[in-house]
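Participant: Counting with the numbering used here, you get residues 1438 to 1509 for the letters of the sequence shown.
Calculated directly from the structure, the hints in this document are not laboratory data. Just so you know, these numbers come straight off a predicted model, no measurement behind them. A hint or two may mislead.
Distance windows between CB atoms, simulated [as the list claims (entries may be wrong)]:
1. F1458 x A1478: 36 to 44 Å
2. E1501 x G1476: 21 to 29 Å
3. V1446 x G1476: 17 to 25 Å
4. I1441 x S1473: 35 to 43 Å
5. F1494 x W1467: 36 to 44 Å
6. W1507 x I1441: 25 to 33 Å
7. F1439 x R1477: 47 to 55 Å
8. A1475 x W1507: 18 to 26 Å
9. T1445 x F1494: 17 to 25 Å
10. K1506 x I1469: 20 to 28 Å
In silico SDA-like cross-links for lysine to any residue, where the CA-CA straight-line distance does not exceed 20 Å [claimed, not checked]:
11. K1497 x I1469
12. K1497 x I1465
13. K1497 x V1446
Even glycine gets a Cβ: it sits at the ideal position worked out from N, Cα and C.
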Amino acid sequence: MFAIAASTVTSWGLYVLLPIFIAFLFFIVWDITKKSEAGRAGTFWIFLALGAGFMGFVLKILLEVAFDKWLL
1438 MFAIAASTVT SWGLYVLLPI FIAFLFFIVW DITKKSEAGR AGTFWIFLAL GAGFMGFVLK
1498 ILLEVAFDKW LL
């Protein structure tokens, strides 16, 4: 009755829900660093690691768009 294609679920999950989840992770990490009093250096390194993972995700999306548009 309400059939949704697998590609639709995948694209919504990858491009909408995953960035929302990553933003929620940033909030969780910020809250943990404040409660544990990690200090400036600890907070910096934690967010650097999480930010590097997020930048990898964004770079992956940009490379997919570039390959689809210009190379294929």
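Participant: Of all the hints numbered above, which does this structure not satisfy? Sort the numbers upward.
Facilitator: Violated: hints 1, 2, 3, 5, 8, 10, 11, 12.
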